[in-house]
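Start from the sequences, fold in the hints, and give me the full structure.
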Amino acid sequence: MALEKITATTGRAVPVPGDDIDTDRIIPARFMKCVTFDGLGEYMFYDVRKKEDGSDTGHNLNKKQYQGASILISGNNFGCGSSREHAPQALAKAGFKAVIAEGFADIFLGNSTQLGMPCVTLGHEDRLQLSQWVEKNPREEITIDLDTQQIRYADKSVALGIPASNRQALMEGKWDPLQELIENQEKVEVVARSLSYV
Amino acid sequence: MSKTLYQKVWDKHSVDQLSDGSTQLFIGTHLIHEVTSPQAFGMLEERGLRVKYPQRTFATVDHIVPTNEISEPYSDPLAQKMIEALRRNTEYQGITFFDTPTGKQGIVHIVGPEQGITQPGMTIACGDSHTSTHGAFGAIAFGIGTSQVRDVLATQTLKMNKLKVRRINVTGKLGPGVTAKDVILHILKELGVNGGTGYAYEYGGEVFDNFTMEERMTVCNMSIEGGARCGYINPDETTFAYLKGRPYAPQGADWDASVEEWKSLASQDDADYHDVVDFDASQISPTVTWGINPGQGIAIGEPIPQVKDLAPELQSSATEALEYMGFSQGQKLEGIPVDVVFIGSCTNGRLSDLKEAARMIQGRKVAPNVTALCVPGSQIVAKQAEEIGLDKIFTDAGFQWRQAGCSMCLAMNPDKLVGRQLCASTSNRNFKGRQGSPTGRTILMSPVMAVAAALEGKISDARKVFGQKGE
Ligand code: SF4
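For the record, the sequence lines run as chains G and R. Note that the working numbering has the first sequence beginning at 1, numbered continuously upward. Note that the working numbering has the second sequence beginning at 1, numbered continuously upward.
If you're looking for bench data, these hints aren't it; they were derived computationally from the structure. Every residue, glycine too, gets a C-beta built ideally from N, C-alpha and C. Treat each hint with caution, since some may be false.
Taking lysine to aspartate or glutamate pairs in the EDC-like style, the calculated list, with each CA pair at most 16 Å apart, reads [stated by the list, open to error]:
1) K3(R) x D339(R)
2) K12(R) x E261(R)
3) K33(G) x D76(R)
4) K12(R) x E189(G)
5) K332(R) x E313(R)
6) K416(R) x E52(G)
7) K52(R) x E189(G)
8) K458(R) x D339(R)
9) K33(G) x E84(R)
10) K164(R) x D272(R)
11) K187(G) x D11(R)
12) K52(R) x E186(G)
13) K64(G) x E140(G)
14) K464(R) x E323(R)
15) K244(R) x D272(R)
16) K52(R) x E183(G)
17) K187(G) x E237(R)
18) K8(R) x E237(R)
19) K263(R) x E237(R)
Computed from the model, here is a short list of chain G residues facing chain R with C-beta under 10 Å [unchecked claim]:
20) G11
21) D47
22) A87
23) F104
24) D106
In structure tokens form, the structure reads like this:
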């Protein structure tokens, strides 16, 4: 099964301000009582988007001008905490195709990449400027270009960060490694036999 | 320079380099639970794949099990569906499942060590971030996502990038009343919640040498709270003594050979670390959190910091935390009334935690304004505790004594905070809404400090409440 080669993502963006946004925030645990990932999109950032009486808060994610956004912009250490893949799955099901942040927690970064959802970093100032521009121009698109390693918006172009292996996996359509892992089965068995406890 | 344990274990388990430069790593031991595995089994079935090494995966059920009424069907049909899915999947694939009727069920990070499944020198993965707990045995253990659970089921391997290794030394002696939980809360406070991103933490020094395995597990458990995907401690005689005779530990001649191998894996004094951080044990106090991430901690007695005194990158999160918690800068936590006290979780739900808590309680009562829960981390912990009468000590004092599970650590079962309730909790995360109410508030602390809060009805310094006994 050939995977899509992800070299660039273009779309409208929405700023979700804050540092250390944990995966409990992205998808609260009470919505993980499920045996498939379908339907998680509805509960993405639920407690950020909804008041206790179920009505909408004034959060960006509820604002009309950001509906249809496919790129999420946030602060440092995005996706920290629980390893739940429900978090990137919820983002994907809610229509997000990429995340820009000042930094990512390791597990979230790995989970997202494996789903073919690029997670790229910007420095604090660049991220702020981008967020401010998006707030003023919510209808404009931005492009995350993995090939040139740049984020382009308006007439600007800023360098993005992404671990080399993640970039390569996305660009070559190898972000889901299962096939490659399976193909190596002989070598796997050699290692298994070498381990005293297996 | 010689290799760290991390490097040695990594080398032994490396299968190949993959096309994007990352490593295919063999996962010797795979643990699963009901929340993050059903979708993985589904993906496997979609592709018509079977589990490759079913004898290397072990399952338990912990997050969704009710802790008050455990007869089935559960009152929550979704929870019932999840436990049934795990039964079906493990049975079909031939995986050992420590299900509730076995008497061995419990929180996955308590069950693995308890059964002797967790051993030095292993690579261990589980679809749960607190898999770092198992590093206490000198294993390289880390949390993974569900697609990776699928990868392990299908191939017993993962695509991984190697971490850097930071050595964290805690030297000297801990003061009276200062526990393993305080050590890790202190480390998190100093190194931050993302200071460990890209790192494995290797803990060592006098304090760790003297710690029991249960204390070591408490520290390794919260490595992920500092951003470190795994944390470990080199195996030593304490490790071997804990493991000996456990159901899945090597037996007879295998035991001696294993011990020799385990010893050879430990990092040597001249090991090649990426960096080294030193802490002085005497500077660590009973520590509590005041905010919405586990790095927002203070020594009990210390005021909540002024936002302007914090590093610039910590200020916005601190402001958000103060607003959510309803606290102000400069305020002290001592004396703030609590509504709920939760003793349990994979951080502090082991027998030694409950024993220590019970020792403080004897003959006293939970304050009338407090709902107090004690939730053993596994059925075996519960049984051992009951055999020595701890359940009675807890219930006599006004605690609720519950069945094993994750319970109010993340509230995927009926145990939840209500509204803005403030909870003194021995768990590991104080994120917004973590304990089941979107506005609920959590203060992380050690079991002894949680007991002090329960009896006094407010955040207290256990050393003052219990005097010499608290030391
Ligand atoms: S006790 Fe809490 S942290 Fe530990 S596995 Fe259960 S939910 Fe996760």
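Evaluated hints:
| no. | hint | in the structure |
| --- | --- | --- |
| 1 | K3(R) x D339(R) | 49 Å, violated |
| 2 | K12(R) x E261(R) | 12 Å, holds |
| 3 | K33(G) x D76(R) | 10 Å, holds |
| 4 | K12(R) x E189(G) | 13 Å, holds |
| 5 | K332(R) x E313(R) | 23 Å, violated |
| 6 | K416(R) x E52(G) | 15 Å, holds |
| 7 | K52(R) x E189(G) | 10 Å, holds |
| 8 | K458(R) x D339(R) | 8 Å, holds |
| 9 | K33(G) x E84(R) | 13 Å, holds |
| 10 | K164(R) x D272(R) | 10 Å, holds |
| 11 | K187(G) x D11(R) | 14 Å, holds |
| 12 | K52(R) x E186(G) | 12 Å, holds |
| 13 | K64(G) x E140(G) | 14 Å, holds |
| 14 | K464(R) x E323(R) | 29 Å, violated |
| 15 | K244(R) x D272(R) | 30 Å, violated |
| 16 | K52(R) x E183(G) | 13 Å, holds |
| 17 | K187(G) x E237(R) | 34 Å, violated |
| 18 | K8(R) x E237(R) | 20 Å, violated |
| 19 | K263(R) x E237(R) | 9 Å, holds |
| 20 | G11 | 23 Å, violated |
| 21 | D47 | 4 Å, holds |
| 22 | A87 | 9 Å, holds |
| 23 | F104 | 8 Å, holds |
| 24 | D106 | 5 Å, holds |
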